[in-house]
Structures are given as C-alpha cells and as structure tokens.
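Between the sequences and the hints, there should be enough to build the whole structure, so can you do that?
Quick note, the sequences are listed as chains S and P, same order.
Taken in order, the first sequence gives residues 377 to 519; the numbers are from the numbering used here.
Taken in order, the second sequence gives residues 377 to 519; the numbers are from the numbering used here.
Derived from the structure by calculation, the hints contain no laboratory data.
Ideal Cβ positions, reconstructed from N, Cα and C, are used throughout, including at glycine.
Each hint should be verified, as a subset may be incorrect.
[Unchecked claim] Covered, in the sense of this in silico footprint (three residues per stretch, anywhere, with C-beta under 8 Å from a C-beta of chain S), are these stretches of chain P:
hint, stretch
1, 415-424
2, 451-459
3, 483-493
4, 496-505
[To be verified] Computed from the model, here is a short list of chain P residues facing chain S with C-beta under 10 Å:
hint, residue
5, Asn463
6, Leu465
7, Pro478
8, Pro479
[To be verified] DEER-style ranges, computed between Cβ atoms:
hint, chain 1, residue 1, chain 2, residue 2, range
9, P, Asp394, S, Thr451, 30 to 40 Å
10, S, Leu427, P, Gln436, 32 to 42 Å
11, S, Asn505, P, Val425, 16 to 26 Å
12, P, Ala390, S, Ser473, 42 to 52 Å
13, S, Asp379, P, Leu401, 45 to 55 Å
There are 2 protein chains.
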Amino acid sequence: MSDTVFTTPADAEAAFYDALARADLETMMSVWSADDEVVCVHPNGPRIVGLAAVRELWRQIFASGMRLSVRTSHTVVSETLVLAVHNVLEEVAEAGSEPAGPPIVATNVYARGGNGWRMVMHHASPTPNLMDIQVQGTPRVVH
Amino acid sequence: MSDTVFTTPADAEAAFYDALARADLETMMSVWSADDEVVCVHPNGPRIVGLAAVRELWRQIFASGMRLSVRTSHTVVSETLVLAVHNVLEEVAEAGSEPAGPPIVATNVYARGGNGWRMVMHHASPTPNLMDIQVQGTPRVVH
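Written as structure tokens, this is what we have:
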C-alpha cells in the first residue's frame with residue numbers, strides 16, 4: 377500500500393480514517409508523509425514527532441485490539457496547492473456500537489509532494505460535554 | 377491595531393502570544409483573519425468557529441482577569457507561500473510565576489492575504505504528565 381497516491385487531501389483523509397477503523401498499520405503509514413517532521417497528538421496524549429515514533433504509536437494502538445469507527449463532520453478547510461488543513465469533528469465509536477460522548481476535535485494537515493498528498497500532522501483532543509458548557513456559561517479552560 | 381500587517385507567520389505568532397500575555401483583545405483580534413472561517417480550540421474546550429464567536433471567547437477569557445505568560449518551543453513548521461502551520465509546545469505560567477505542569481501542545485495555522493499573515497486556526501490541548509507515561513509505558517488514549 378505504500379505506493380498509493382492520494383490525489384486530494386480528502387482522499388488521504390478517507391484513507392486515514394479507513395486504516396484507523398481496520399487497524400491496518402501498513403495502510404495507516406502509507407497515508408503519512410515520509411519527507412516531513414510529522415506530528416501526531418492523540419486525545420490527552422503527548423506530542424509525538426517523527427515518522428518512526430508515529431509508526432510505533434499506531435502499532436501499539438492497533439496491537440491493543442481496540443477497534444474504533446470514526447465519522448467526521450463539520451470540516452473547516454484551509455487549502456492551497458501544496459498544503460491543506462482540515463479541522464474536523466470526530467464521532468468515535470467502538471466497532472459495533474453507537475458513538476458515545478462528545479466529539480473529538482482534530483486538526484489534520486496534509487502536504488502534496490512527488491507522490492501525492494500525505495498527512496504531516498494529526499492533532500486530536502477531546503471536547504467537553506455540552507451540558508457542562510451550558511450549565512457553566514463560559515469557557516472552562518483558558519490557554 | 378487592526379491595520380497591523382504581519383509579514384511572516386512568525387510575526388503573527390509573536391503578536392498572538394504577546395496579546396495573550398497582555399490580555400489585549402484588540403491586538404489579539406488583529407492577529408486573526410477576518411476572511412476565513414476561523415477555528416479556535418482551547419485546552420479541554422469546545423471547538424469555536426467564526427470570528428464573532430472567537431472574539432467573544434477571548435473577551436470572556438481576558439475579562440476573567442487571569443494573566444498568562446506563554447513561552448513556546450520545539451516548533452514544527454509546514455509552510456508555503458500562503459499557508460503556514462506551526463505546531464508548538466507551550467509552557468504556560470500565570471503572570472509572575474514559573475510554568476507549572478506539562479506543556480500545552482498547540483497547532484497554529486496562518487494564511488497570507490492582502491493584509492499579510494493572519495491566524496485562521498488555533499488548536500491547543502493539554503499533554504499528560506510525563507511521569508504517567510513512563511509508568512504506564514504505552515499511549516494512554518486512542519483515537
């Protein structure tokens with residue numbers, strides 16, 4: 377799968393979430409750029425930098441046996457000819473279940489190189505329960 | 377301040393963190409793009425989309441009286457002529473204090489328009505305490 381060419385950022389994004397759902401490490405890594413100092417942040421996780429570290433992170437996640445289905449929505453896009461940023465809301469469910477809890481927000485960054493579009497950053501973080509926000513009325517955490 | 381022109385993404389980023397430290401709403405909003413569907417996510421916060429909502433978020437944060445000093449480091453950059461992504465680690469301290477706790481990871485996205493570089497996305501999330509990671513040995517949260 378490593379010679380797959382994604383002709384649009386959306387194609388790369390679809391392959392990313394498909395590889396995640398199938399816990400397919402080779403397909404997952406075919407989505408990532410080999411040329412860049414890639415960055416991956418999972419919800420509540422540390423920042424992981426570099427392709428080898430990112431691969432090891434996914435290997436551990438997939439080896440854990442957890443199977444997750446992610447449906448993305450409300451994509452906000454900033455795209456140029458060679459760099460694209462997609463900010464999405466992810467509804468995450470364990471395989472066979474309905475999504476539980478508030479969405480994850482993810483910023484996905486893709487770069488176009490000689491072999492098409494590849495992911496260079498994935499930054500995901502949990503969002504709070506909307507009920508908490510409504511009760512409290514103001515943003516809960518500052519920067 | 378709204379006619380300030382930032383000639384590089386780094387200039388816009390410096391102004392962003394300076395405005396944050398000074399709780400200066402007008403300077404903060406001069407950093408943000410008025411042209412784009414801007415996105416702002418604070419640590420553990422919801423996704424905020426749109427300039428009016430982002431302004432209101434900062435207004436509330438600054439009105440709370442909290443004064444924060446942020447030192448960024450370990451920037452990973454993806455830049456083109458018109459779009460730039462900076463992923464940074466933020467050491468956050470209350471004014472007059474030393475930084476406490478693990479860093480925040482932030483993805484800052486800037487776009488270049490007719491009036492220079494402006495921020496279009498700020499996505500920040502907490503990282504775990506490294507001691508927890510070392511004890512546990514594997515990533516704690518999957519996506």
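Each hint, compared with the structure:
Coverage of a stretch by a chain is defined here by at least three residues with a beta carbon nearer than 8 Å to that chain's beta carbons; for the stretch 415-424 of chain P and chain S the count is 8, and the condition holds. For the stretch 451-459 of chain P, the proposed coverage by chain S is satisfied: 7 residues have a C-beta within less than 8 Å of a C-beta in that chain, meeting the threshold of three. Only residues whose beta carbon comes within less than 8 Å of a beta carbon in chain S count, and the stretch 483-493 of chain P has 3; three or more means the coverage holds. For the stretch 496-505 of chain P, the proposed coverage by chain S is satisfied: 8 residues have a C-beta within less than 8 Å of a C-beta in that chain, meeting the threshold of three.
The closest approach between the C-beta of Asn463/P and any C-beta of chain S is roughly 5 Å, which is under the 10 Å cut-off, so the hint is satisfied. Residue-level restraint check for Leu465/P holds (minimum Cβ-Cβ distance to chain S is 7 Å; threshold 10 Å). Interface hint at Pro478/P: satisfied, since its Cβ lies 8 Å from the closest Cβ of chain S, which is below the 10 Å cut-off. A hinted interface residue such as Pro479/P counts as satisfied when its beta carbon comes closer than 10 Å to some beta carbon of chain S; here the least separation is about 8 Å, so the hint holds.
Our hint of 30 to 40 Å for Asp394/P and Thr451/S holds, since their Cβ atoms are close to 31 Å apart. Checked against the given bound of 32 to 42 Å, the beta carbons of Leu427/S and Gln436/P, roughly 40 Å apart, stay inside it. Range check, Asn505/S to Val425/P: about 19 Å between beta-carbon atoms, so the 16 to 26 Å window is met. For the hinted restraint 42 to 52 Å between Ala390/P and Ser473/S, the CB-CB distance of approximately 45 Å keeps it satisfied.
Separation of Asp379/S from Leu401/P is about 50 Å and conforms to the stated range, judged on CB atoms against 45 to 55 Å.
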